[in-house]
Amino acid sequence: MHRIALALILAAGPAVAAPDLNLGAETYAGACASCHGPEATGDGPMAEYLAIDTPDLTAISARNGGQFPWLRIVHIVDGRTGLRGHGGMMPVFGAVFTGDTAVKDARDGTPVITSARVLAVVDYLAAIQAE
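Residue 145 in the working numbering is what sits at position 40 of the sequence shown, and the numbering runs on without skipping anything.
It is worth saying that the hints were derived from the structure and are not from the lab. Yeah, the Cβ is synthetic: ideal placement off N, Cα and C, and Gly gets one too. Misleading hints may appear alongside valid ones.
Have a look at the derived ranges for each label pair, beta carbon to beta carbon [as the list claims (entries may be wrong)]:
| # | residue 1 | residue 2 | range |
| --- | --- | --- | --- |
| 1 | Arg-185 | Ala-156 | 19 to 27 Å |
| 2 | Ser-166 | Gly-204 | 17 to 25 Å |
| 3 | Asp-158 | Arg-185 | 31 to 39 Å |
| 4 | Glu-153 | Asp-210 | 32 to 40 Å |
| 5 | Thr-215 | Gly-170 | 15 to 23 Å |
| 6 | Met-151 | Asp-210 | 18 to 26 Å |
| 7 | Asp-158 | Gly-214 | 28 to 36 Å |
| 8 | Pro-160 | Asn-127 | 19 to 27 Å |
Could you put the whole structure together from the sequences, leaning on the hints where they help?
Given below as structure tokens:
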């Protein structure tokens, strides 16, 4: 279902460039899906082994009054928040998210410096939010 939504977003000419969404989807599949599930609904094969519940990443906007908190999610993914489940940078995949520094403006115009893959994953998550 999310692949169809992603295809429709790409066809409609999203604000995010298609290569970023493709990189985001690929990075998500390789680094996030084992816990968060292939459809980002929190049902990955490793979820049962975690000490905390794995959230449904397609419901981020729904949990935030219909708005996707882009900058907050960047900070969670890149480890700035110290999210307990991630232990800082993604515990298993931290090296995947280093060495490709990129800059992008947050929705409020604040420049964000982090990994290009982090930005791509967050843009991908924004694109697959449930209606």
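Discussion item. Taking 28 to 36 Å as the stated bounds, is the beta-carbon spacing between Asp-158 and Gly-214 within them?
Written reply: 34 Å, holds
Discussion item. Does the beta carbon distance between Arg-185 and Ala-156 stay inside 19 to 27 Å, or does it fall outside?
Written reply: With a Cβ separation near 21 Å, Arg-185 and Ala-156 satisfy 19 to 27 Å, so the hint holds.
Worksheet entry | Outcome for the supplied range 32 to 40 Å, where the beta carbon pair is Glu-153 and Asp-210 | Because 39 Å falls inside the window, the suggested range holds.
Worksheet item: Is 15 to 23 Å right for how far apart the beta carbons of Thr-215 and Gly-170 are?
Response: Given about 20 Å between the Cβ atoms, the range holds.
Item to complete: Take a look at whether the Cβ-Cβ distance between Ser-166 and Gly-204 falls inside 17 to 25 Å.
Response: 30 Å, violated
Worksheet item: Taking 19 to 27 Å as the hint, is the beta-carbon distance of Pro-160 and Asn-127 inside that range?
Response: 24 Å, holds
Fill in: Range agreement (Cβ of Arg-185 with Cβ of Asp-158, hint 31 to 39 Å)
Between Asp-158 and Arg-185, where Cβ atoms are some 22 Å apart, the hint is violated.
Practice prompt. Hint says 18 to 26 Å; check whether the CB-CB distance for Met-151 and Asp-210 agrees.
Written response: At roughly 34 Å between Cβ atoms, Asp-210 and Met-151 fall outside 18 to 26 Å, so the hint is violated.
Hint violations for this structure: numbers 2, 3 and 6, all remaining hints satisfied.
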